[in-house]
Amino acid sequence: MAQVVLRNVGKVYDRKVRAVEGFNLDIRDGEFVVFVGPSGCGKSTTLRMIAGLEDITEGTVDIGGRVVNHVHPKDRDIAMVFQNYALYPHMTVFKNLAFGLMLRKMPKEEIRRRVGEAARLLGIEQLLERKPKALSGGQRQRVALGRAIVREPQVFLFDEPLSNLDAKLRVVTRTELKNLHQRLRTTTIYVTHDQEEAMTLGDRIVVMSNGRIQQVDTPLNVYRRPVNRFVAAFLGSPPMNFVEGTIAREGQRPVFVGGDWLRLALPADQPGVAADLARHEGRPLVLGFRPNAMSEHAAGKFAPPGGGNALRLATTVVEPLGDKIDVSCQTPAGQRLIARIDARDNFPAGQTIEFFLDPEHVHVFEPGEFGPNILRPPA
Amino acid sequence: MPEQPAQPRTTIVGEGRAGLPISRVAVFAGLTLFGVTAAVPFVWQILMSLATLTDVDLLTQTGFPPTLLPSNYGLVFERVPFAKYFFNSFFVAGWVTILQVITCAMAAYAFSRVQWPGREKVFLLYLGTLMIPGVVLMVPNFAVVLGLGMFNSYWGLIIPGAFSAFGTFMLRQFMLTIPTSLDEAAAIDGAGHWRIFTEVVLPLARPGVIVLAIFCFLGNYNSFFWPLILVKDVNLRTLPLGLLVFDSSYGRETPLIMAASLMAMVPPVVIFLLLNRYLVKGIQLGAVKG
Ligand SMILES: Nc1ncnc2c1ncn2[C@@H]1O[C@H](COP(=O)(O)OP(=O)(O)OP(=O)(O)O)[C@@H](O)[C@H]1O
Ligand SMILES: [Mg+2]
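If you're matching them up, the sequences are chains V and H in order. Following this note's numbering, the numbering of the first sequence begins with 1 at its first residue and continues without gaps. Following this note's numbering, the numbering of the second sequence begins with 1 at its first residue and continues without gaps.
If we strip away everything but chain V, and leave its shape as in the complex, we get (with noise of 0.2 Å):
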């Protein structure tokens, strides 16, 4: 087990395509971080770096207090699983897991022991003498599991390696990876897309953009202080509601005003943020709040003392899910949000209901993809 610190790591491609910049984070040993971001934002680059797969065209990786910049990936003592799970097709189960460690002349006994220990661990030992061929994509899954585990790494390394599985296998095998690193405790690097895997999976999270991380927190703090309303829209489904508007005061209380339809009293208990939000008044903001911090009735931390919390929208069409539902709803400047609330039956499509919001959980945001968050900025 190691620790895998990156320091102002950057990638260039062929001298023109910027991938990564100023890449910076200490990994603890045993952690499990997610790389979690849209597309193309560099996710990928940055694990084929740390594996060694990709020249570290800027800084330094540091794995168990070696730098590895110029180290052949074979000595990283690494392991990774790949999105398409790169199972050698025509070496067996067996061998494909046997593999790694046959390179590395270790004897036949303890190859036969670990392989056997490793399928058992994941339920594939009857599947041993197969060729990959023969395997449901859930299986062969766990093959490329497998030839991570037996190798016995510093360091797994993930690539979205459950992105080929089905939405429920999906889920099943998330939950079983969790199992898993709490039982081997071998420091992980997991890159994903899928916000939801990246929250459930990580201990902490590293959202990234544009080859930039935005903010490494754990799930909940991230996800409750995102530090902009990039990670603020890109953490939560369905997505953060963001309406523009400005700050005002109405006595001693900020006030967010939005239009003539939203005059929302805002929190400023905090000191700081209370002159933070007094710099900013006047200037155009962005309010933001999940569709689950809205409701339909005021009660409980929807109605604050000294109220001004309501919201009036034309509802347009309701999502049941279950317990709860998605209200998709319209503003009056004819903006579309969404609110998550307990369900019932007959809800309203069409009609201009009022609903409430939390205070306690709505975010300010300084304008643009990127505005960092006033109100509620990482501790």
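Calculated from the structure, these hints are not laboratory results. Take the hints with a grain of salt, since some may be wrong.
Stated by the list, open to error - Residues from chain H shown here face chain V by an in silico Cβ test under 7 Å; the list is partial: (1) Ser181; (2) Leu182; (3) Glu184; (4) Ala185; (5) Ala187; (6) Ile188; (7) Asp189; (8) Gly190; (9) Ala191; (10) Pro203.
Claimed, not checked - The calculated lysine-lysine pairs, modelled on DSSO-like cross-linking and capped at a C-alpha distance of 27 Å, are: (11) V:Lys74 with V:Lys131; (12) V:Lys131 with V:Lys108; (13) V:Lys108 with V:Lys133; (14) H:Lys121 with V:Lys16; (15) V:Lys168 with V:Lys178; (16) V:Lys131 with H:Lys281; (17) V:Lys133 with V:Lys95; (18) H:Lys281 with V:Lys95; (19) V:Lys95 with V:Lys105; (20) H:Lys281 with V:Lys133; (21) V:Lys324 with V:Lys301.
Every residue, glycine too, gets a C-beta built ideally from N, C-alpha and C.
Could you slot chain H with the ligands onto chain V? The hints should help.
Chain H with the ligands in isolation, oriented as in the chain V frame:
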């Protein structure tokens, strides 16, 4: 990757119905005609190989030799060292094939799996040699072989065929269809280039290698011109040269030529029958699945 379902059997519309549609009758008639046309020269050759030297010229009128002479086949072996020619052809074509497959596979690996500066340019240069007609190369090749002291020897017959731009090109195209993530997985597993080549890429390129080997063997087995100019010694003659003996200044011995060439044809036909499933597979290039 999603599970590949077993290939469903193609159902031809009309299959199993009583009576044949007129279009199918036409297709079968056409195919039969082509088949017969292709077979006629071989049948003719067999008939000629069994005729006497005098009967063979009348065969166009009689259609069938009045006396059958299977002894022509034995005569071939008595008149010339035919077994030696067979051996020479096998020996030369076999070595050329082995060497060419090795060098082409290694070059193809370097051109498809290894990153090195100028790779594409060098490959283009390599390909460029395919544009030069083989006949043009005869004289310079001959000069080189002569200079190396390989004139009139097995070396001279084998070494010039040990490399091939075409084979390199073909195997490179084949290797390009093998996912690079396999190399990467192997590299992480602890393999260097040599291991990746021998244990991952080469086994997966096998259909391509076999096709190249077949082409190469048959091409060299049949090669005529190069041995003709290179070989003086009767004992170094290959089959095509051997056949020439019967067409000498003393006259043309058609039945013996036919008998000898029929026997010479046996190995290629056997090879084709044994390996034709690889030929089909190799022609549908890129059969590798993860
Ligand atoms: N071999 C390459 N040569 C040139 N550019 C490349 C190469 N590989 C990746 N890139 C570019 O680098 C950027 C980052 O690619 P990368 O594969 O790391 O993205 P990603 O975050 O893994 O995306 P995805 O979720 O689609 O896999 C992209 O703009 C891509 O086009
Ligand atoms: Mg990727």
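- [ ] Sort out which numbered hints this structure fails and list those numbers smallest first.
- [x] none
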